[in-house]
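Number of protein chains: 2
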Amino acid sequence: MESIMIYVPIIMAVVGLLFMAVKRSWVLKQDAGDGKMKEISDYIYEGALAFLKAEYKLLTIFVIVASLALAGITFLPGATTHLLIVVAFILGAFFSALAGNMGMKIATKTNVRTTQAARTSLPQALKVSFGGGTVMGLGVAGLAVLGLTTFFIFFFHYFMGGVWTNSADMTIVLETLAGFSLGAESIALFARVGGGIYTKAADVGADLVGKVEAGIPEDDPRNPATIADNVGDNVGDVAGMGADLFGSYVATVLAAMVLGNYVLRDIIIANPDFTDIFGGIGPILLPMAIAGFGILFSIVGTLLVRIKDNNAKEAQVQGALNMGNWVSIILVAISCYFLVQYMLPKTMIMEFYGEEPKDISSMRVFYATIVGLIVGGVISSVTEYYTGLGKKPILAIVQKSSTGAGTNIIAGLATGMISTFPTVLLFAGAIWSSYAFAGFYGVALAASAMMATTAMQLAIDAFGPISDNAGGIAEMSELPKEVRTRTDILDSVGNTTAATGKGFAIASAALTSLALFAAYVTFTGIDGINIFKAPVLAMLFVGGMIPVVFSALAMNSVGKAAMDMVYEVRRQFREIPGIMEGTGKPEYGKCVEISTKAALREMMLPGVLTIGFPIAIVLLGMLIYPDNNQLVAEMLGGYMAGVTVSGVLWAVFQNNAGGAWDNAKKSFEAGVMINGEMTYKGSDAHKAAVTGDTVGDPFKDTSGPSMNILIKLTCLIGLVIAPILGGHADGHETIVEKTETVVVEQPAVVGQEKSEEITVDRQKDSEGNVKATVVISTKADNNEIKTEEKTFEGTDAEVNSQIEAFKKARK
Amino acid sequence: MESIMIYVPIIMAVVGLLFMAVKRSWVLKQDAGDGKMKEISDYIYEGALAFLKAEYKLLTIFVIVASLALAGITFLPGATTHLLIVVAFILGAFFSALAGNMGMKIATKTNVRTTQAARTSLPQALKVSFGGGTVMGLGVAGLAVLGLTTFFIFFFHYFMGGVWTNSADMTIVLETLAGFSLGAESIALFARVGGGIYTKAADVGADLVGKVEAGIPEDDPRNPATIADNVGDNVGDVAGMGADLFGSYVATVLAAMVLGNYVLRDIIIANPDFTDIFGGIGPILLPMAIAGFGILFSIVGTLLVRIKDNNAKEAQVQGALNMGNWVSIILVAISCYFLVQYMLPKTMIMEFYGEEPKDISSMRVFYATIVGLIVGGVISSVTEYYTGLGKKPILAIVQKSSTGAGTNIIAGLATGMISTFPTVLLFAGAIWSSYAFAGFYGVALAASAMMATTAMQLAIDAFGPISDNAGGIAEMSELPKEVRTRTDILDSVGNTTAATGKGFAIASAALTSLALFAAYVTFTGIDGINIFKAPVLAMLFVGGMIPVVFSALAMNSVGKAAMDMVYEVRRQFREIPGIMEGTGKPEYGKCVEISTKAALREMMLPGVLTIGFPIAIVLLGMLIYPDNNQLVAEMLGGYMAGVTVSGVLWAVFQNNAGGAWDNAKKSFEAGVMINGEMTYKGSDAHKAAVTGDTVGDPFKDTSGPSMNILIKLTCLIGLVIAPILGGHADGHETIVEKTETVVVEQPAVVGQEKSEEITVDRQKDSEGNVKATVVISTKADNNEIKTEEKTFEGTDAEVNSQIEAFKKARK
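Protein sequences, first through last, are from chains A and B. Following our numbering, the numbering of the first sequence begins with 1 at its first residue and continues without gaps. Following our numbering, the numbering of the second sequence begins with 812 at its first residue and continues without gaps.
Calculated directly from the structure, the hints in this document are not laboratory data. Among these hints, one or two may not hold up.
Stated by the list, open to error - In silico DSS-like links for lysine-lysine, alpha-carbon gap of 27 Å or less: (1) B:K1371 to A:K681; (2) B:K1371 to A:K392; (3) B:K1477 to B:K1492; (4) A:K687 to B:K1477; (5) B:K864 to B:K1119; (6) A:K560 to B:K1119; (7) B:K1492 to A:K687; (8) A:K687 to B:K1498; (9) B:K1371 to A:K391; (10) A:K560 to B:K1202; (11) B:K1371 to A:K687; (12) B:K1371 to A:K560; (13) A:K211 to B:K1498; (14) B:K1203 to A:K597; (15) A:K666 to B:K1498.
This is chain A alone, in the form it adopts within the complex (with noise of 0.2 Å):
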């Protein structure tokens, strides 16, 4: 029987996209101003757009020979991999692309009406902008939900009939599908690195050749990298950060999935006729329920996201954010309470590795939930201590930039890594306390809640890069200064929201690792990761690396590409007769080529070393211990957890340091006091904290948030291997049943009672064909053991019944 409850996401998806394409109509039916405000926002559109192009040209080669290699996965033997895991990884990619692109134009369509709102008034402009971030958190989720729902009927019809079946089959559904996510994590790799360099290397080449060399000011229309810096906004922190979020979104539930299919697994072992009213497979559901509800309540969130006093301050802007955020996340948190207990049941057995199986209440699963949720809205306020205006470590950097550049950098250098102390310790807790409640897939769920209400903080985080561009259409355009004024208090909101938003989806990333983590292990069938091995702790150590490396190869690559920009400025500024006077028109498209051609060469390397590393361990290992697939499995598991501990490290320590050095930068405009005296922009003390502002550019928004990826791409990748390494692909496992003490007469002395253990031993070929050997060991005073053994062949459901049968008999 198949449960109506399949199709609930889709419709909840639907429901968003059509929310969405409301919102839409209204934003784009918005005045978009007048003459050279619309110039400028077309220049930013098409250069956005132009990158894009380039971008996808770019990355259908790349889909076209990751697509062959996995096809090339499906053939090898021993693999389960059916071939349509590419057509899910392609359609991934596509859905992607798509979701990035969307954002990116609804942006970019946004800004610049976001402005012409400025003139009227502040509720005004805020509800523009919002709007435009809003069809883009709906747009992307609402893919996302869509996408792998539909993918996931697809593939439970056409490998299962649309029928439960057995969770060796189930496992087949969901590696495929783990083809989808994985589309999706590659393209948002791309992204995310290709926008922030492209971003960094404009903005960094505009402020060194504008601001410091020509002194004119920021957004300034002479400055002929000004356009490529609002693009970079709209490619790095717009289409970056929306294909990071679907990449993240569609990864949780899909790890939540494939531990769901173990834990019904596990039921059903126990309870072989086990069955429920969502066709038997509620825990798999569960987590695409949850996701799809929290589009709902997100949309209920970016509702009340709205201010009325057109002389509100930062405060009420935060305010009215902080207000559709918590409501959305409490409203989540309900209909976990209500889904957990409508689609799991009462209790299930839970296999918790090492430890006998325990019984789990539903319950549990919800406090696991709640979790998640509670780390989500915490490691916000955490990452806003430590980059927030006017908090303690901000101002303690802005007292040693008098002392200089050195000291302000130490000091940001030591603030950076100074958080990583309260946020690994949250997300510690959260790992051990969800486990505890509800193993692997508590961990799994508690990342999807905190996942469920994407559309809602992707809402918020798109929001700022708007306003920030809206703020420099008003600039360029010369518009009066209230109307800056306006954006201004916007853009301050969003770089507040941008540094949340960015502990957020590393929170994200960290949880979905552990849960793909998990579910790795499980696919392979291997009998955890044991450190000890030194071949494993080897890997550890070359995983740790990676995240080092790999954001040293970002930094390096802005300072490129920032260097091209800044030879193409200075040849322009020589070159354009009157470019100085704002006679000469400056070729902004020049500067646009020049980001995006860097953008796109030198996210190469990087995104080599994230997909190559993995492959090459498995290669490596397979040569070397040609017959230990187990080992290479285990390697390839040291290396997921190196680069997972090690991505989230440098990700809170880049992300953190980068933005207290940048609002350390701005406390210098309302102005400061070091040792007694007012300070402010233009003194020595604001010259050293630029310094700190410019080496923490790339930290905060390029290879920190890049780490995310990584983290995520490398146990998908991980994931989509596991089926080659062989694990349930010779389908061996072995469960140990409780133990039954019989006392079959009285024992002579007390603790010689006669007992016996019983452990079943199944495989099953990729057929779903299962081979059973129960062995029952009966131990009895005479220190003596008798052990039976029985072997049944056919489904699980045939091998179950009979065992069962088997041990009536005995009794």
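Starting from the structure of chain A, add chain B where the hints point.
Then chain B, alone, in the frame of chain A:
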């Protein structure tokens, strides 16, 4: 039978110490120069002694508190640790302090003599400064081998009567010996961190006010902080480094002995009658023997370090050092060959985790030692590439300096980060290959071989700061320019050896930690460390965070202490009349006092973090899992792995970034070509490079080098806590012996032969009584398994012979 071999390392150590005494009296006999030189040298000597005195006073309190805690541990139920561990701990601390003290005394005596020698010739100056280094190196190595061997012999007699009984007794000997290592490493932590903070606070403070504000040159006698700066070189680079390598040396040899004990256990299980000409403990004595011979060959190496040409340049001086170093390394390699052949059985049975026990020939152990020696050599080249003058990375940083401090900093950070790539691959390769050759015993012996030339390494390391000081004295005493030119050549070589020495230190720390980690796993008797268990994974995260936070604390401490220094120097410039004209005398003592106080105050928090966290994890773990010490042991193991992986990464990153910035700045002294123009000191690019160097200073001299000790100490604390976690205390170990296939009757179907598997499960109580249960399962072709089980009690040897008899009787 007790072998004479056990005393050989002591003899070598005494030879080393005697040679040291001769060298020392030669150095002290050298001319210490005239009035002003002597006066300055006395200031430095007294300042250094004052710091050590204050430090030791504080550390005495620490040692008392830690001793009480350790004593408490021995009384915990189930702990096998003997109270004597407290004595070992105290003496380990004492020896470490003694080694640091001795080294620093000779260094502060040699500096002025080097200055005086430099007035005659460069070869003589090298002879004196390297002579001082040699005294330091031999003193540290001699004391380490002497202390460790003496304690081993004492405990071996105390617990085992000087005769091999069984591996459980030997475990108690080595557990107690671990106290010596713990004491040494604890002192090293404070010496390194305190010294690092001291030296950088003085350096940065002196530079900021002296060079930058007042515009007087480095080491100018008018600068009140100049003596503190020179004292800092001694307490940081000499005493800190000495204590660090003393700790590494002891820990490495200890870890190898612990693993040797387990090698021996497996040998004896396979062959209960095993003995050798070393009283049956060859594998345990081997690492001590390698260390002993290493002292001799280091002496040979030091004798080769000399130059003849008074007009020699850096290259010749470096060449002389390299010659001595390589000769001692090659001699150690040769001695390893003979020692391995002589002291180990031709083949040993070793257990590789998760695999069948293997026959390992002693030649494979030799190969493992070669791996260690190669790593020691290659790491120097790698470090030199990333930090050496004239190399590509440095040139790139120099170029980036032209666009300001921001780009210089980004380039330096990126260089440090990229440098983790070859370094980690080298370490991972070393772990993997030395393990593949001879298991974790191989890893430990690789580390031991590498550390065998510690005396030579330390001589090379210590000669740097001595020459640096000599130059300072020349400057402050206003000696002729050629003197400073000569000491500058030595100083410049010293900068390179300082960087490569740090590479050596982290390589040794990495291998030592892994060996300790392996010893820990074996001590606790856990089944490896499975990061698929969420609490273990959570601790891996927490462990990974610690080095980052530790580094941040150290950096902040330097910042705070430097500010104190700045205020004091400013005050003296303001208040002491005639100070700038050279008529008023600066109060050097006040600055020394400030550095001393700040260093002692600031070293506390990092120390508490390092020591407190492992203990907190164990307590928390025991609270949450009161009945599952094994899980708690795995959690602590996960933490140790996290600290090690992350610590190695951050050490390499910080050391190399710091070294790179330093030499990028130095490049400007000879002039560099930037964009086609020669650029010198005083240019804007140079100023940017100076900013980079300021950031690099705490990186390379405070937080970076502390990582070594952090990871070693963490693993040692784990090792000392191990017995509480019950592992071998409940003495439960299961040995799966080889499966024999006995064809009882010709089977009807091939593959259905009757086979049997023998499992021996042994438990040992704290008095060494063994209870072993032998289970023999026989599988017949009718799917039926029969098992026989029999239990034996007695000593290890008795039980072994009973089992043999039982097995023979069955046949």
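Right, here's what the structure says about each hint:
1. B:K1371 to A:K681: Holds. K1371 (chain B) to K681 (chain A) sits at ~25 Å (cutoff 27 Å).
2. B:K1371 to A:K392: Between K1371 (chain B) and K392 (chain A) the Cα gap is close to 16 Å, so the pair holds against 27 Å.
3. B:K1477 to B:K1492: Distance ~9 Å between K1477 (chain B) and K1492 (chain B) Cα, so the pair holds.
4. A:K687 to B:K1477: holds (24 Å)
5. B:K864 to B:K1119: violated (40 Å)
6. A:K560 to B:K1119: Measuring from Cα to Cα gives roughly 47 Å; hence the hint is violated.
7. B:K1492 to A:K687: holds (22 Å)
8. A:K687 to B:K1498: holds (14 Å)
9. B:K1371 to A:K391: holds (19 Å)
10. A:K560 to B:K1202: Measuring from Cα to Cα gives roughly 19 Å; hence the hint holds.
11. B:K1371 to A:K687: Holds, because 22 Å separates the two Cα atoms, which is no more than 27 Å.
12. B:K1371 to A:K560: violated (35 Å)
13. A:K211 to B:K1498: Answer holds: K211 (chain A) to K1498 (chain B) is near 20 Å, not above 27 Å.
14. B:K1203 to A:K597: Cα-Cα ~25 Å, so holds.
15. A:K666 to B:K1498: Holds. K666 (chain A) to K1498 (chain B) sits at ~24 Å (cutoff 27 Å).
Comparing the model with each numbered hint stated earlier shows that hints 5, 6, 12 do not hold.
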